[in-house]
Amino acid sequence: MSVQFTASPQDLFVSGHRACHGCGMALAVRHILKATGKNVIVVTPTGCLETFASPYGYSPWRVPWIHHLFENGPSVATGVVAALKAQRQDSVRVLVIAGDGSTFDIGFGALSGMLERGDDVLYICTDNGAYMNTGGQRSGSTPMYAATTTHPAGRESLGKTQVMKDLPAIVAAHGAPYIATASVAYLKDLQKKVKKAMEFHGARYIQIDTPCPSGWGFPSERTLEVGRMGIDCGLIPIFEMEDGKTTRVRRIKKKIPVKDYLKSQARYKHLFTGDRGQAELGKIQAMADRNIEKYGLLGPSGEEESETSSDG
Amino acid sequence: MSHIKVVEGSEAVALAVKACRPQVIPSYPISPQTHIVERLAKMVADGELEAEYVRVESEFSAASVISGSSAAASRSYTASSSQGLLLMTEVLYASAGLRLPFVITGVNRSVSAPISIQVDHQDTISLRDSGVIQFYVESTQEAYDTHIAAFKVAEDTSILLPVMVCMDGWILTHSYEQVSFMEQEEVDRFLPPFQPVNFLDVNDPKSWGSYADDDVLMEFRYSIHEAMQHGKERIKEVFSELARITGRDHGGLIEAYRTEGAEVILVAMGSMVGTAKDAVDKLRSDGRKVGLIKIRCYRPFPYEDIWETIKDAKVVAVMEANVSMGSEGAVGMDLKAKLSGKADAPLVIDFIAGLGGREVNEGTIDEIVKKAEEVLNSGLPLQESHWVGLNPTILP
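In order, the protein sequence lines correspond to chains E and A.
Going by the numbering used here, the residue at position 51 of the first sequence is 51; the numbering climbs one at a time, nothing skipped.
Start counting at 1 in the second sequence, then tack on 312, and there's your number in the numbering used here.
Derived from the structure by calculation, the hints contain no laboratory data.
No false leads were slipped in.
In silico BS3-like cross-links for lysine-lysine, where the CA-CA straight-line distance does not exceed 27 Å:
hint, chain 1, residue 1, chain 2, residue 2
1, E, Lys294, E, Lys165
2, A, Lys354, E, Lys85
3, A, Lys589, A, Lys650
4, A, Lys518, E, Lys85
5, A, Lys518, E, Lys34
6, A, Lys589, A, Lys317
7, E, Lys195, A, Lys518
8, E, Lys85, E, Lys196
9, E, Lys38, A, Lys518
Simulated DEER-style distance windows between Cβ atoms:
hint, chain 1, residue 1, chain 2, residue 2, range
10, E, Ala286, A, Asp513, 48 to 56 Å
11, E, Ser91, A, Gly586, 46 to 54 Å
12, A, Lys354, E, Pro177, 29 to 37 Å
13, E, Arg88, A, Gln490, 36 to 44 Å
14, A, Glu360, E, Arg88, 18 to 26 Å
15, A, Val509, E, Gly202, 28 to 36 Å
16, E, Gly118, A, Glu362, 15 to 23 Å
17, E, Arg18, A, Asp441, 26 to 34 Å
18, A, Gly668, E, Arg155, 49 to 57 Å
19, A, Asp441, E, Thr150, 25 to 33 Å
20, A, Ser343, E, Thr247, 42 to 50 Å
21, A, Gly668, E, Gly154, 45 to 53 Å
22, E, Ala286, A, Lys354, 53 to 61 Å
23, E, Gly217, A, Glu362, 50 to 58 Å
For each residue, glycine too, the CB sits at the ideal point set by N, CA and C.
Pulled out of the complex, with its shape left as it was, chain A reads as follows (with noise of 0.2 Å):
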């Protein structure tokens, strides 16, 4: 049995972390991020949540703190954004090193310089190959359901490493939704206390964080780049079963919306999916052959998957909030790297768009189809990203 309510995206997301049964939860503040862990020091508070709620003095100490206390085998949380995020980068690489299976909520936000609060990708995506599992979500219900699976995930023993769950800054996190939250007795049996194999323990004393030299680093990261690997079998498992009960399927590791027979497919993360999705709809009403893909799991990247839904496509047009300054979206790197060789792989064409807030409204989605097409009747792939929704009157 379920109860629904409307809420903030923060609250939601605050509300299954609650569920969870947290033992430890820093917290530093930074904009969008910041409804979520007040509303969780509100539930100490009140005495509502049980869990040690620590003000740290910066989000290097919030991860810090989160790292130590989930090496004492307590369940593990915090929430950052943007500057806290890049500024926990070191810990979390760390983290993932000593497989430590916490949960943090990246509330994506625009990096520095120019200073900005508003949403885009490039906070997160610049943590991808620290060895972090990495969701993006859709809607504030996807957001809810996501937070619970990702302890299980991170706790998993196959797989034992962090679980970034990211979710769009102010568009998620501060819009009221309505949103179905599951009963503390279903969420309980879904997720069993946090109880690892190995902990500081003083009575069965291990060393943690050696120094490791030439003979033995490269297999640490090995073992770290295969649990990823064949945690995507182990995440598919944890999504549907959490779907069953829930009675709420967002998909496994991509959700593949209107693809059949699609010959233009969009690959997009976060809340602009719910924009595409809207978008397909015209197209496809219009007789247009256009179908979505969103990335639910980023990483481990959901390659297989991705190729089953795409193999019949002609092109693929990845919008994306992020660029690597100098190359590419990485999405859209992630996709070609992996199809390169393919001889019958469709063209990709990577889009950028939604920097720093810029919208991406169903004309946007548009204009991205419409450039796709044109590649198709042409045949000739973009070289280059295309930058969606440039104002040339203020470029140098």
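Chain E on its own, in the form it takes in the complex (with noise of 0.2 Å):
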């Protein structure tokens, strides 16, 4: 038996969860945690996260956490933040780690009113794009012409024929004072953007991508260099706002095209196998080429990083 992972004795997300080999999601929490530090109260909805962060018995977290439901984890957190308020324990923070299910669709009311409210929260979505943890279900952040279980490829079907929903745009719509993308492709940058929501108060947004090998259709150990095809063609675009401008994008190094990126995964595996997938790589392409536009993500290198690596 190979040992793949010792926590740190400044780890507060451990050993004893039970996540896929390569899980994206995993590596994303030890991570944001790591920037958060202890003195958090984190709250996750129901989803991958709940599902293998919490067997009976064990637990990987090294800060106080709560499961409830799948649709409420944003007004869960606001009950804490209420609680801490009344106590007047100022240097307590309240995080929720969600996934896209309970973030894009089920939970999205919740979501909609915590940021109406402003509630002191940073509220982090680790995306895999689709319900994973019951099988990989098409989700409002599935990427179009993704096949998903319920959303299958055939002989009449493209997988999901819509466009997933632009979250950072809704939240950014509510006036929310610091909205960040990130990868778990680069896990410095990830960290940076939790510490600096972290500054703001009032209610945050960061969406992770976090690829899921067992989801998306590719070998474990390829996680990051899937999460960076991602952002190197266009398709994930990170970013920052605050006060609802765009402060600052990872720039595209080296672009690439979106068919490198959709032929490194299983769910697109069939926009590749007949005439009528190949007519719609145009489209994919053109949505890669309008974030990029939009974001500025060729542009000159003012703010770019130099982290080309992951630290694991």
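Assembling the complex is the task here: the two chains are given apart, and the hints tell you how they should meet.
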């Protein structure tokens, strides 16, 4: 047996969970908590994270953690914030670490309520683009033309026909003071953003691309590589917004065609096996190109970071 | 020392809640509950009540906020009705499972469709299996007193469950009655600050709401059931402790009213109890052997106390403002299940009355007693619930 990971005494998310090999989400959570430190209370709605990180009798959490339901992470967090305020505990902060099913879909109303009230919560969506712990069903975050178990590819189907919700933009429309996207492909950047978000008060939002080997269909040692490809083709824009303005983006060093990214995952396999799929590739490329233009992902490198690999 | 004022029922509840020093109050409007949370909002706005008041976007979130705040060691309260309570259902089940001791006022109102804002008990009865303790009250005074007891019951370390105080919409929430209020010091002595042993604490991190498999889930459920069953004695103690302070004894888990030597015993919950008491008085003065049981605590179900009271009666007539469609009224079912197999048990007849605010007056109760006496004389039990006051001219 090989030891793949040993928790350091500083780690706040440690062994005792049952994530799949190569799980982007587990990696993200460990680094989120490295950045926040131990004075946080974490609320996790139902989803992959709750399922793999809370088998009764074991716990990987070294911070107080509560799972309540699927659709109420934001409002449970609001309750915790209200309790801390009532007790005048200023030093303890509250996080939600959720998945895309609860964030984009079933808990969307509660999220909107929390954002509108401006409750002092850092809401982090670890996004793997489908309901993965129930077997990979379509969510509002599933990208266009990805096949899922409820929107499979077939003779009459190319998978999901709709574009994913632009949740950061929806959050921005609520007037959130800090919004960022991040990826497990760049963990230092992820930690930096969590730290920065902690400097703000009010309802803040970070969306982290967490590639899922079992759900997306790629070998478990390629999680970070797939994450990087998503960024380098322009489909996963990495940016920060403060008070409604985009303040910083991760520039693409060497742009790759979207088909290279799509080919790396079985969920897009059907796009490459017939003429119909091939014909639609242009639409996905156009989406990536729109992102590149909208966020200036290929613009002159001013604030570009040197981080090119992760620290695992 | 107490003071007496004539107030709206909703205000009496708001004042009871205020006296319990809640730290977190989320609210969402729904009739006929709204006056309670509006009054609490004004108290906070005027600086009379120091609490975090959260204006949420749904009842689902109202219940979720008190789950989070209760887990984080703050005394928490909200109120709702009807559809709002149904929307909270999932949250309430989970909160009982997490042993979160908040208090909710369930202002009774019928459930859609057809949509109606009138009173019946279908909403709160639908939550009977959730693990939430349920009290029902007859009057505004009892609503006031029961809310103060509710926090103490919920937070008792041997219980630790949400408590719902169910009170009839409009009839109790919107009518003005004379209410005797406790002094703040009396409430403070009766109800010390909420200091749970387990809570979301950065100095002693614990995980809440874990995934449980077949090796432990049944034990979780059983422990809630046991907390309820053993809680019966504790609830009675809390009620009597409060009664000693206030001088007002509304009864224990039940109140037995003129049941001595009764052949027919009515069973009721909520504001129809008051009407039933008047009807019983009249029937008694006519020499009829009729008594009444008011169920104050519906969950846990006070079977033992009911049995002690009805064992010498011949017929028990349950009148209830709810129905489990395709079966019978919930209280009738509970009672029949518990009496099953008892050779000398009285016959139980289930009457569905007062749905959607349909008036239950002394005439209605006379009709119920008459039907019960018919059954008594014929010795033939009714197989189905008897629906009281149905209008055949508008039935299909």
